[in-house]
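Given only the sequences and the hints, what does the whole structure look like? Please build it.
If you read the sequences in order, they're chains A and B. Each residue of the first sequence is one higher than the last, beginning at 1 in the UniProt record's numbering. Each residue of the second sequence is one higher than the last, beginning at 1 in the UniProt record's numbering.
Keep in mind the hints are simulated off the structure, nothing from the lab. Be aware that a few hints might be false.
[Unchecked claim] Calculated cross-link-like contacts (lysine to any residue; reagent style SDA-like; alpha-carbon spacing at most 20 Å):
| id | chain 1 | residue 1 | chain 2 | residue 2 |
| --- | --- | --- | --- | --- |
| 1 | A | Lys56 | A | Ser98 |
| 2 | B | Lys29 | B | Asn63 |
| 3 | A | Lys223 | B | Asp196 |
| 4 | B | Lys223 | A | Thr195 |
| 5 | A | Lys56 | A | Asp105 |
| 6 | A | Lys223 | B | Leu197 |
| 7 | B | Lys14 | B | Ser152 |
| 8 | B | Lys223 | A | Asp196 |
| 9 | B | Lys223 | A | Leu197 |
[Unchecked claim] The following label-pair restraints were derived from C-beta to C-beta distances:
| id | chain 1 | residue 1 | chain 2 | residue 2 | range |
| --- | --- | --- | --- | --- | --- |
| 10 | A | Arg84 | B | Asp196 | 49 to 55 Å |
| 11 | A | Gly135 | B | Ala198 | 31 to 37 Å |
| 12 | B | Pro159 | A | Gly261 | 34 to 40 Å |
| 13 | B | Asp196 | A | Arg24 | 46 to 52 Å |
| 14 | B | Glu220 | A | Val286 | 48 to 54 Å |
| 15 | A | Lys67 | B | Gly284 | 34 to 40 Å |
| 16 | B | Arg219 | A | Gln83 | 56 to 62 Å |
| 17 | B | Lys67 | A | Pro101 | 46 to 52 Å |
| 18 | B | Glu220 | A | Lys25 | 54 to 60 Å |
| 19 | A | Glu107 | B | Leu241 | 39 to 45 Å |
Note that beta-carbon positions come from the ideal geometry of N, C-alpha and C, so glycine has one too.
2 protein chains.
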Amino acid sequence: MTAIKIDGRATAKKINAQSAEQTRKLTQKGVIPGLAVIMVGDDPASAIYVRNKERKAAKLQFNSVVKHLPADASQAEVIALVQRYNEDPQIHAILVQSPLPSHLDEEAVVMAIDPRKDVDGLHPENLGQLFAQVGEDFPVACTPKGIMTLLSQYQISLPGKRVVMVGRSRLVGKPLLALLNNANATVTLAHRHTTDLAELTRSADIVIVAVGQADLITREMIKPGAVVIDVGMNRDASGQLTGDVAKDVEDVAGYLTPVPGGVGPMTIATLMQQTIQLAAWQTGQVVD
Amino acid sequence: MTAIKIDGRATAKKINAQSAEQTRKLTQKGVIPGLAVIMVGDDPASAIYVRNKERKAAKLQFNSVVKHLPADASQAEVIALVQRYNEDPQIHAILVQSPLPSHLDEEAVVMAIDPRKDVDGLHPENLGQLFAQVGEDFPVACTPKGIMTLLSQYQISLPGKRVVMVGRSRLVGKPLLALLNNANATVTLAHRHTTDLAELTRSADIVIVAVGQADLITREMIKPGAVVIDVGMNRDASGQLTGDVAKDVEDVAGYLTPVPGGVGPMTIATLMQQTIQLAAWQTGQVVD
Chain A
1 MTAIKIDGRA TAKKINAQSA EQTRKLTQKG VIPGLAVIMV GDDPASAIYV
51 RNKERKAAKL QFNSVVKHLP ADASQAEVIA LVQRYNEDPQ IHAILVQSPL
101 PSHLDEEAVV MAIDPRKDVD GLHPENLGQL FAQVGEDFPV ACTPKGIMTL
151 LSQYQISLPG KRVVMVGRSR LVGKPLLALL NNANATVTLA HRHTTDLAEL
201 TRSADIVIVA VGQADLITRE MIKPGAVVID VGMNRDASGQ LTGDVAKDVE
251 DVAGYLTPVP GGVGPMTIAT LMQQTIQLAA WQTGQVVD
Chain B
1 MTAIKIDGRA TAKKINAQSA EQTRKLTQKG VIPGLAVIMV GDDPASAIYV
51 RNKERKAAKL QFNSVVKHLP ADASQAEVIA LVQRYNEDPQ IHAILVQSPL
101 PSHLDEEAVV MAIDPRKDVD GLHPENLGQL FAQVGEDFPV ACTPKGIMTL
151 LSQYQISLPG KRVVMVGRSR LVGKPLLALL NNANATVTLA HRHTTDLAEL
201 TRSADIVIVA VGQADLITRE MIKPGAVVID VGMNRDASGQ LTGDVAKDVE
251 DVAGYLTPVP GGVGPMTIAT LMQQTIQLAA WQTGQVVD
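And the structure:
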């Protein structure tokens, strides 16, 4: 048996086509989705991510602003910039590229973002609304939201399913736990303190891994036919991009997201999708 | 084997003694902890809960206010009352007794409470901070917090432990998931859509149940020696108070909270403890 590959590129392409159409309609109504990306310092991986976001936003004809601050920018400068975008009605979504240089307080920067413009869904108010299932018009972290789109696209049913979420970051594991629980899956949140992870994952219908450790999930950890979602992004010795899931898992899983080409393309497509949504909410428009 | 009974009354008594001492010290500094309880209508169970809270607050010499609105009070009246307490510097903690009459929007009432005075920890901002592990000076739902105190009192270690939390309410299951995960347990959130609950609970070192269904958890669902925390409050045919855990679970569990006398007394003791904490935070005092 070989797992069905969940094609993130094809799904992202669909989302992007929809986003282009929605942007066109909003622009006709005088609303151009505005995305501001703040990058501090010269982390090479961050520079690539930011450039990819910038290109995609430009292609969709967003009002796209990238502000690059020097590595020695002060906390006050970064916060002042966030506040400027908070107050700018042309900007609907603000993203601060992580990681920030170590002298900066990333937490305080996130807290300074207007929750309505917090396109990464990192603000506790947004995470709390998601977890509490209160309201509907708030941003949700893009990678988890993109994974939910993939599951839906491949008609993977969630109510009553056992899900093991490995990794509990604020950007992936925690919001995904909330989304999956809200969809009536039975979710276990696993992490570095979890004992006998293999036994746990073997009991799961769906295993999602977002740890950043190549080959963490191996064939014998997966129940035959299970869905495996790989959020890992690691470079092997030869510089190749690999996920957290070992190669031979494809022989046992029912569905699998490849790396690259699985979750990755969905994150950026969802970022654009959500920027449009935030623009619509902030201006009283409806996108469909 | 018979389970060790986790004595909530004795533990609550310790907490209450500490609260009395803290209140005495704060009062000397001119800060009298202020708790406002809002009750709407005449639900008899609610009336009992409110009276118990009022008595305990009076005993601790809090500034205790109970405002009883008629069953036909309007949404605007309830919100106006909440706002009055939000602005009253003598009130540090606001509790709206649930359930509200069905013509009222409970969600909107909760959202109207100043998050710093939200002693039930229901506001999404507070739940979000707990879930995201951001900051420290925010209120947490009293029943979950009281359960954590019991686990700590009985030196039940959490890191790496498998916990199954049955029930996912905003007042118990969700905040408890967050607290237990923050304490490095591996937590599964189970609910009405969960399949094969017995198999799941049998794999757990700690089972917590907050559903409101007598005898939901039976002996064969529990691993020998496991810790069982019963948050249920049900009345049997003869009017006796029972939990969600069947009687014979005590023959197999290692630790068990009885009903009554387990979790119940901790909720009200924690409410008082947290009111003092909120009073201290709001006035720049320190309690220890």
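Evaluation of the provided hints:
no.: 1; hint: A:Lys56 to A:Ser98; result: holds, 19 Å
no.: 2; hint: B:Lys29 to B:Asn63; result: holds, 15 Å
no.: 3; hint: A:Lys223 to B:Asp196; result: holds, 17 Å
no.: 4; hint: B:Lys223 to A:Thr195; result: holds, 17 Å
no.: 5; hint: A:Lys56 to A:Asp105; result: violated, 29 Å
no.: 6; hint: A:Lys223 to B:Leu197; result: holds, 19 Å
no.: 7; hint: B:Lys14 to B:Ser152; result: holds, 13 Å
no.: 8; hint: B:Lys223 to A:Asp196; result: holds, 17 Å
no.: 9; hint: B:Lys223 to A:Leu197; result: holds, 19 Å
no.: 10; hint: A:Arg84 to B:Asp196: 49 to 55 Å; result: holds, 54 Å
no.: 11; hint: A:Gly135 to B:Ala198: 31 to 37 Å; result: holds, 36 Å
no.: 12; hint: B:Pro159 to A:Gly261: 34 to 40 Å; result: holds, 37 Å
no.: 13; hint: B:Asp196 to A:Arg24: 46 to 52 Å; result: holds, 49 Å
no.: 14; hint: B:Glu220 to A:Val286: 48 to 54 Å; result: holds, 53 Å
no.: 15; hint: A:Lys67 to B:Gly284: 34 to 40 Å; result: holds, 37 Å
no.: 16; hint: B:Arg219 to A:Gln83: 56 to 62 Å; result: holds, 59 Å
no.: 17; hint: B:Lys67 to A:Pro101: 46 to 52 Å; result: holds, 51 Å
no.: 18; hint: B:Glu220 to A:Lys25: 54 to 60 Å; result: holds, 58 Å
no.: 19; hint: A:Glu107 to B:Leu241: 39 to 45 Å; result: holds, 44 Å
Hint 5 from the earlier list is the only one contradicted by this structure; the remaining hints agree with it.
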